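Enquirer: Given the structure of chain C, go ahead and fit chain E onto it with the hints provided.
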Amino acid sequence: MNRERAAWFFVAPALLAIGVFFFLPVGAALIMSLTDFDIYALADIGNLRFVGLRNYIELLQTPLFWRSLGNTFYFVVVGVPLSIAASLGAALLLNSRVTRLKGLFRTAYFAPVVTSLVAVAVIWRYLLHTRYGMLNYGLSFFGIDPIDWLNDPHWAMPAIILFAVWKNFGYNMIILLAGLQSIPQDLYEAASIDGAGSWAQFRYVTWPMLGPTVLMVSILSMSGYFQLFAEPYVMTQGGPVQSTVSVLYFMYEQGFKWWNLGVASAVAFVLFAIMFAITLLQLRFAKGGEA
Amino acid sequence: MMRLRLVLPLLALCGLLASCTRPDDGRVVVKFWAMGREGEVVTQLMPEFERTHPGIRVEVQQLPWTAAHQKLLTAFAGEAMPDVFQLGNTWVPEFHALKAIIQLDAYLAQSAHIQRSDYFDGIWDTNVIDGKLYGLPWYVDTRVMFYNRKLLAQLGYRQPPTTWSEWMKAMEAVKRKVGPQNYAMLLPNEEYETLLGLALQQDEPLLRDGGRYGNFRSAFFRRALQMYADMFERKLAPLERVSNLYHEFSMRYISFYFSGPWNIGEFRRRIPAAAQDTWMTARLPGPNGYSSAIAGGSSLAIASSSRHPKEAWQLVEYLSRTDVADKFNELTGDMPPRRSNWEVPRLAKDPYARAFREQLEYVKPVPKVPEWENIVAAMRVMGERVAHGTISVDDAVVELDAEVDRILEKRRWMLDKEQRQ
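The listed protein sequences derive, respectively, from chains C and E.
Residue numbering for the first sequence follows the numbering used here, starting at 1 and increasing by one per position.
Residue numbering for the second sequence follows the numbering used here, starting at 1001 and increasing by one per position.
Hints are not guaranteed to be accurate.
[To be verified] Capping the alpha-carbon separation at 27 angstroms, the derived lysine-lysine pairs in DSS-like fashion look like this: (1) E/K1327 - E/K1310; (2) C/K257 - E/K1417; (3) E/K1132 - E/K1368; (4) C/K257 - E/K1031; (5) E/K1364 - C/K257.
[Stated by the list, open to error] Some residues of chain C that are not near chain E, with every Cβ distance over 10 angstroms (derived): (6) A43; (7) A108; (8) I123; (9) P153; (10) Q185; (11) T206; (12) K257.
[Said to hold, decoys possible] Taking beta-carbon pairs under 10 angstroms as the criterion, some of the chain C residues facing chain E (in silico): (13) L34; (14) A41; (15) R97; (16) T99; (17) L127; (18) H129; (19) R131; (20) M134; (21) F141; (22) D145; (23) D186; (24) W259.
These aren't lab readings, by the way, just hints derived from the structure by calculation.
A quick note: this is a predicted structure, and the numbers were derived from the prediction, not measured.
Ideal Cβ placement from N, Cα and C applies to all residues, glycine included.
Chain C extracted, bound-state conformation (with noise of 0.2 angstroms):
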């Protein structure tokens, strides 16, 4: 009993500021995303509406929500397998005995996480120029026709999936790295030895044994490229067309420009649900997989 008690007081802290600053927002969040919040609320507080589920039945009816989500589901199915593809591609080549100079492009694929996006944001601007950029320049020698890459409204979401996986791939492949280093060396001899070749080590090897590293980092990219925004938000502002309007934007949107702070909270919510469910159907499929 008294280890009991020393035991509550020691993470009462911890549960005192987990308590106030994510509980106590979260549920105050619940109980907003049931009224119409607005500027007219935050003018007096009598013009709040309860509205029970009235913002996210309306949420289901407006068109802009249904494009958010197909737009952030394009970004996270293309955008996740494409980045994990990149990260493990760089990390098995670095890991590779024959790579020289491997920390230099150590550093050079991991300084893009690093850098500030708004700064490259500017670059990636310059590069995905239809009549001066580089990319259209390059895809000219193939005899490709300029691509209005951020102006054309089926172009513009692969160009920030490009983006974000340049972005990005440098920090999940510093995870993959050290999880290729953890495979032990005797696992490759004796493979070699049974006659394995390269790719078979890596299909019967490298796969199986990288497998709860790969979870994690699709677990944590997925969350992450859920919660898109910065990136359509420097690049585009969610144009051309709404083509690049995330939820994510669209939450901002409503929350911080137009002060729905109601339909807000309900969007935020919606996201969370989704993100949950994805999750756990990742983690039961992994667990399928182990099984």
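Expert: Chain E only, in chain C's frame:
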């Protein structure tokens, strides 16, 4: 989370330092927030104010334009409003709805420096709600046409076009001359001002029933949107985003652009010296000749939470004096809202400013509803969708009205509630 932990103690530290270093000299402190370039420049006008008003000290804080609206709202929610602040004049209704700004009529009545009649009517009107004044115009902004005078002269135009149909013909002529790789008009899809300008040139209101419902289905808005769509349809305006407008203007990639006063300075600075004689400004061509235009700009407002409204008013009055406004115009290039200011040679003799001067007599405010920014953003998106050809003009106006009606739902409820009481 981690960042917050870092930032909070830092903020506390800053607060402590600020309170330590602040001299307590018994003067009344007036906090003044201004945006962007104005915020930078206005500090130069403060020593003179403090000299002539010995009991007052002004603390100027500069806000970036892009974050200004949010910061003001957040400051209001957090009860941290300044005493005086610069307020975009289309935001006045919103801050009035918040009861965040005070009525200025009583102060105005006693002022020796400020005469209502000296101000451009449309600009003054943006600050008036239900017959009461809530802000004093600080500087004005309207959109005029920047155009390639030389190119038009080569095509046989001695005068810039004054009607929509003449303007369309001029653009077609330019397009034929500059070829398929180039265009005539720049219509940036991220700006709503051009489409709004075309709509405002007609007499009908953008919202109907006292700002309860959208009026975008009306023939007048359809006409404006059709005109906007046609310019893209006929390849007179590029869909592509332009990164350096001045370069593209010199290259004849575009030859017409609707823009505001700050671009006079930019065109002067960034168009090559050899090509300086190519550009000129003109009043916007209207549906049937010159018509009304957007009354933009910023006002000065006093927060209702201010504990020193009298001193705050003295600052507002000082900044509105013609001599101070003249200095301000010299420093920023911002255009003064008082007619008497336009008589100084610097403005009266500036050929590029003439179009602004003439047009300012015909500016008119946008609908005065707190939701305006949201409505105009919805209108911008619809213009963009029409430009990309993903929705027809007829469908666009119906969808836009539906969205605007939804945005105005709370306002209707508020108005009904007021009527019941």
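Enquirer: Are the hints correct? Go through all of them and say.
Expert: Verification of the supplied hints:
1. E/K1327 - E/K1310: Holds: E/K1327 and E/K1310 sit about 24 angstroms apart, inside 27 angstroms.
2. C/K257 - E/K1417: Holds - the C-alpha atoms of E/K1417 and C/K257 are around 26 angstroms apart, at most 27 angstroms.
3. E/K1132 - E/K1368: Measuring from Cα to Cα gives roughly 13 angstroms; hence the hint holds.
4. C/K257 - E/K1031: Satisfied, since the Cα-Cα distance of roughly 24 angstroms is no more than 27 angstroms.
5. E/K1364 - C/K257: OK: E/K1364 and C/K257 at ~25 angstroms, within 27 angstroms.
6. A43: Per Cβ check, C/A43 is inside 10 angstroms of chain E; nearest 4 angstroms; violated.
7. A108: holds, 26 angstroms
8. I123: holds, 13 angstroms
9. P153: violated, 6 angstroms
10. Q185: Non-interface label on C/Q185 holds, nearest chain E Cβ at 36 angstroms vs cutoff 10 angstroms.
11. T206: Answer for C/T206: holds, closest chain E Cβ roughly 33 angstroms.
12. K257: Given that some Cβ of chain E is not farther than 10 angstroms from that of C/K257, nearest at about 7 angstroms, it is violated.
13. L34: Violated, about 16 angstroms.
14. A41: holds, 9 angstroms
15. R97: Since the shortest Cβ distance to chain E is 37 angstroms, the answer is violated.
16. T99: violated, 33 angstroms
17. L127: C/L127 check fails; min Cβ-Cβ to chain E is 12 angstroms, beyond 10 angstroms.
18. H129: Holds, about 6 angstroms.
19. R131: Cβ of C/R131 sits 8 angstroms from chain E, so the hint holds.
20. M134: Check failed: Cβ of C/M134 comes no nearer than 14 angstroms to chain E, outside 10 angstroms.
21. F141: Where the cut-off is 10 angstroms and the nearest Cβ of chain E is about 21 angstroms from C/F141, the hint is violated.
22. D145: violated, 13 angstroms
23. D186: violated, 39 angstroms
24. W259: holds, 6 angstroms
Figure legend: structure checked against the earlier numbered hints; hints not met, in rising order: 6, 9, 12, 13, 15, 16, 17, 20, 21, 22 and 23.
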